[in-house]
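A.B. asks: For reference, the chains in residue letters:
Number of protein chains: 2
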Amino acid sequence: MHIRKKKCNFAADFMICEDLHSALSKILNSYEPDQVCFVVDENVEEKSDLSRTQIGLKCCTLSVSESEKTLDTVQRVWDFFFAQGLTRRGVVVAVGGGVLTDLVGFAAATYKRGVGYINVPTTLLAMVDASTGGKTGVNYRGLKNSIGVFAPPVETLIWPGWLQTLPAKELLNGFAEMLKTGLIEPSDVRSQYSDGLWEALLRYDIEAMPIEELTLLIRRCVAVKEAIVAADPKEEGLRKVLNFGHTFGHALEELSHAQAHPDVEPLDHGYAVLYGMIAELYLSVTKLGCEREVLQQLTQIMLHAYGKPACKCSDRERLIALMKQDKKNERAAEINVTLLRAVGSPVVNQTITADEAAEAWEYLFSL
Amino acid sequence: MHIRKKKCNFAADFMICEDLHSALSKILNSYEPDQVCFVVDENVEEKSDLSRTQIGLKCCTLSVSESEKTLDTVQRVWDFFFAQGLTRRGVVVAVGGGVLTDLVGFAAATYKRGVGYINVPTTLLAMVDASTGGKTGVNYRGLKNSIGVFAPPVETLIWPGWLQTLPAKELLNGFAEMLKTGLIEPSDVRSQYSDGLWEALLRYDIEAMPIEELTLLIRRCVAVKEAIVAADPKEEGLRKVLNFGHTFGHALEELSHAQAHPDVEPLDHGYAVLYGMIAELYLSVTKLGCEREVLQQLTQIMLHAYGKPACKCSDRERLIALMKQDKKNERAAEINVTLLRAVGSPVVNQTITADEAAEAWEYLFSL
Numbered sequence: 276m277h278i279r280k281k282k283c284n285f286a287a288d289f290m291i292c293e294d295l296h297s298a299l300s301k302i303l304n305s306y307e308p309d310q311v312c313f314v315v316d317e318n319v320e321e322k323s324d325l326s327r328t329q330i331g332l333k334c335c336t337l338s339v340s341e342s343e344k345t346l347d348t349v350q351r352v353w354d355f356f357f358a359q360g361l362t363r364r365g366v367v368v369a370v371g372g373g374v375l376t377d378l379v380g381f382a383a384a385t386y387k388r389g390v391g392y393i394n395v396p397t398t399l400l401a402m403v404d405a406s407t408g409g410k411t412g413v414n415y416r417g418l419k420n421s422i423g424v425f426a427p428p429v430e431t432l433i434w435p436g437w438l439q440t441l442p443a444k445e446l447l448n449g450f451a452e453m454l455k456t457g458l459i460e461p462s463d464v465r466s467q468y469s470d471g472l473w474e475a476l477l478r479y480d481i482e483a484m485p486i487e488e489l490t491l492l493i494r495r496c497v498a499v500k501e502a503i504v505a506a507d508p509k510e511e512g513l514r515k516v517l518n519f520g521h522t523f524g525h526a527l528e529e530l531s532h533a534q535a536h537p538d539v540e541p542l543d544h545g546y547a548v549l550y551g552m553i554a555e556l557y558l559s560v561t562k563l564g565c566e567r568e569v570l571q572q573l574t575q576i577m578l579h580a581y582g583k584p585a586c587k588c589s590d591r592e593r594l595i596a597l598m599k600q601d602k603k604n605e606r607a608a609e610i611n612v613t614l615l616r617a618v619g620s621p622v623v624n625q626t627i628t629a630d631e632a633a634e635a636w637e638y639l640f641s642l
Numbered sequence: 276m277h278i279r280k281k282k283c284n285f286a287a288d289f290m291i292c293e294d295l296h297s298a299l300s301k302i303l304n305s306y307e308p309d310q311v312c313f314v315v316d317e318n319v320e321e322k323s324d325l326s327r328t329q330i331g332l333k334c335c336t337l338s339v340s341e342s343e344k345t346l347d348t349v350q351r352v353w354d355f356f357f358a359q360g361l362t363r364r365g366v367v368v369a370v371g372g373g374v375l376t377d378l379v380g381f382a383a384a385t386y387k388r389g390v391g392y393i394n395v396p397t398t399l400l401a402m403v404d405a406s407t408g409g410k411t412g413v414n415y416r417g418l419k420n421s422i423g424v425f426a427p428p429v430e431t432l433i434w435p436g437w438l439q440t441l442p443a444k445e446l447l448n449g450f451a452e453m454l455k456t457g458l459i460e461p462s463d464v465r466s467q468y469s470d471g472l473w474e475a476l477l478r479y480d481i482e483a484m485p486i487e488e489l490t491l492l493i494r495r496c497v498a499v500k501e502a503i504v505a506a507d508p509k510e511e512g513l514r515k516v517l518n519f520g521h522t523f524g525h526a527l528e529e530l531s532h533a534q535a536h537p538d539v540e541p542l543d544h545g546y547a548v549l550y551g552m553i554a555e556l557y558l559s560v561t562k563l564g565c566e567r568e569v570l571q572q573l574t575q576i577m578l579h580a581y582g583k584p585a586c587k588c589s590d591r592e593r594l595i596a597l598m599k600q601d602k603k604n605e606r607a608a609e610i611n612v613t614l615l616r617a618v619g620s621p622v623v624n625q626t627i628t629a630d631e632a633a634e635a636w637e638y639l640f641s642l
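Order-wise, the sequence lines are chains L and E. Here the numbering used here is used: the first residue of the first sequence is 276, the next is one more, and so on. Here the numbering used here is used: the first residue of the second sequence is 276, the next is one more, and so on.
Bear in mind the hints are in silico, worked out from the structure with no lab data behind them. Just so it is clear, the structure is predicted and the values come from calculations on it, not from any experiment. For every residue, glycine included, the Cβ atom is placed at its ideal position computed from N, Cα and C. Each hint should be verified, as a subset may be incorrect.
[What the hints assert, rightly or not] In silico EDC-like pairs for lysine to aspartate or glutamate, Cα to Cα no more than 20 Å straight-line: (1) K419/L x D354/E; (2) K419/E x D354/L; (3) K603/E x E307/L; (4) K509/L x D309/E; (5) K599/L x D354/E; (6) K603/L x D309/E; (7) K603/L x D354/E; (8) K509/E x D309/L; (9) K603/E x D309/L; (10) K603/L x E307/E; (11) K603/E x D354/L; (12) K599/E x D354/L; (13) K333/E x E317/E; (14) K599/L x D309/E.
[Stated by the list, open to error] Only part of the chain L face toward chain E is listed, based on derived beta-carbon distances under 8 Å: (15) F357; (16) A384; (17) T385; (18) K387; (19) G389; (20) G412; (21) R416; (22) I422; (23) G423; (24) V424.
Based on the provided sequences and hints, a complete structural model is requested.
C.D. replies: And the structure:
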């Protein structure tokens, strides 16, 4: 059997495994690639049972922060592939967080017009977001993910063991995308369970973060994402529900990277999305009549676990300028957001004015 | 109507038009993009009725030779798109030869994870080969088209008027790919005509190159390519028939670029493919029992119109080393070629030894 090329179905297979070693060996055996090239985040290398012995010599370790998610790093990965003589019948395994899997996915998808790749996400954020759905890419001239392609991995392998290696802040980073998934869960997925994902997430003990329960929630979040992506792989309509919180969130994230100070860590993606969701829930309440209670529930979680954003009212104009450049906009200089009529009822392609954006930023910064 | 995104069907629409101006306007009107960005080969700009007035300000002129088909040039095109504020609902029009349409197609396919593009090929080679089929890409570290993606244009617009602007050498360059198409024409396409494409090409007056008759042959060649691409868009099997002549041809082309001397023009793609076909027809005769007459017919055309290749026997080793690196190879270090059992009966995935390759090179260089 050769590497399956997904042509029409952009929803990748995903698998939650207890033993990473044997699960990966099984997958590789079933694909029979003529060679395997690993690209591994240097911070996670020792933390798993993926020892150098298994990985062998065809391994490239990378340290990829958001500021290194660039074409230069992609070229390092291509150079590694060429040096290994990787052919189209080989396979790439990307082991790391979302920045690494996005970048390696792009490198694989453009190497010799596309070689298959397997994602092994090592952060909660990458498990529930970046490692499925087929979005790959890098930042270009400071614009987040502005160069890339849609190219799903042949498989995404989720090993909950990684979660034990992560600091609380990193778990919260991923949990924010899970909260988003809870807010947009489609009714046909929700009807398969006794209650909604949003309610299940509100009940979850976010302070203790018990792993077993978290794993069940991860499975449900990935299933929701896969269902949405399968229906609209290239984000022509429905898939935009996944962008809830992201128009405001990306602007915060980009501004924090542009202002990055050696002593201050730039804002993490999940935190940015959490703040973005609060701004977009505010607009959902004022523009679409969403219940205020949902906004209050999310605000509680923010104040309790995440803390307030570091930006302030005087950043508004720069944030709005960044929002106008967002690649999600369909027309130049307009601001396109996904809003909620209610939990589980997202509405895509809502255009908002700069004044409305300013009002939502003010609400967020006043909390 | 929005830009149609081809998800499963990689065969683009193509259209042969008499009036480029009105055909392009019609297509653009039907897609209703929010803006149009032209990337035009600076050599063809004045040669058509596509005046600067129509193109307006959103035009980037490029001079792209094979040696400039690089990531640096792609970045210039991306920068132009960003400067214009191009969104995903805009469209790119690439006007030029195959080097330009390959490069601009790659830039469009990776800009914001893909914006639609229209190809307007200005050379015979681009009309019958590069501008359809969805292969995009650039050279990387001297390896031809080794970085790229499969991403079909939303439309390919062929205006035979360009042919009158081309020197004879450039027409011969494209005619070589037409000869290849004649040699591999599938029986189900052939059965729609009174005789085979190969016979029609042999009858064509290659010295006078009458345009009207050539246009009919172009239409047939593009239809053959589209039929093959539709059946196997990502070159997993059948599509490899299109690579006939290309394993040997690419090696010659790469060597000529590596050796390029300021006073000597590097070998053109079509010429390289013609020489490659002679070497691969030689192997088709010796290994698969193809009739020697076909080899003689093609050799006649070579001697009559194209002249002998500039390489010599002492280049054999370097040529074979280049063939082993070809991205068409499925296993590292083997040589994979498409051969013919007869005209219209290509056989893909034929592995040949270095000795067999050497014998075929010797045959070619002895002519």
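A.B. asks: None of the hints should be skipped; say for each whether it holds.
C.D. replies: Do the hints match the structure? See the list:
1. K419/L x D354/E: holds (15 Å)
2. K419/E x D354/L: holds (15 Å)
3. K603/E x E307/L: holds (18 Å)
4. K509/L x D309/E: holds (19 Å)
5. K599/L x D354/E: Holds. K599/L to D354/E sits at ~17 Å (cutoff 20 Å).
6. K603/L x D309/E: holds (14 Å)
7. K603/L x D354/E: holds (18 Å)
8. K509/E x D309/L: Measuring from Cα to Cα gives roughly 19 Å; hence the hint holds.
9. K603/E x D309/L: Holds, at roughly 14 Å.
10. K603/L x E307/E: holds (18 Å)
11. K603/E x D354/L: Roughly 18 Å between the alpha carbons, so the hint for K603/E and D354/L holds.
12. K599/E x D354/L: Holds - the C-alpha atoms of D354/L and K599/E are around 17 Å apart, at most 20 Å.
13. K333/E x E317/E: Holds, at roughly 14 Å.
14. K599/L x D309/E: Given that 20 Å is the threshold and the Cα spacing comes to 15 Å, the pair holds.
15. F357: holds (7 Å)
16. A384: Hint holds; A384/L Cβ to chain E Cβ min 6 Å, cut 8 Å.
17. T385: holds (5 Å)
18. K387: holds (4 Å)
19. G389: holds (6 Å)
20. G412: holds (6 Å)
21. R416: holds (7 Å)
22. I422: holds (5 Å)
23. G423: OK, holds: G423/L within 8 Å of chain E, min 5 Å.
24. V424: Holds - the Cβ of V424/L comes within 8 Å of chain E, reaching about 6 Å at its closest.
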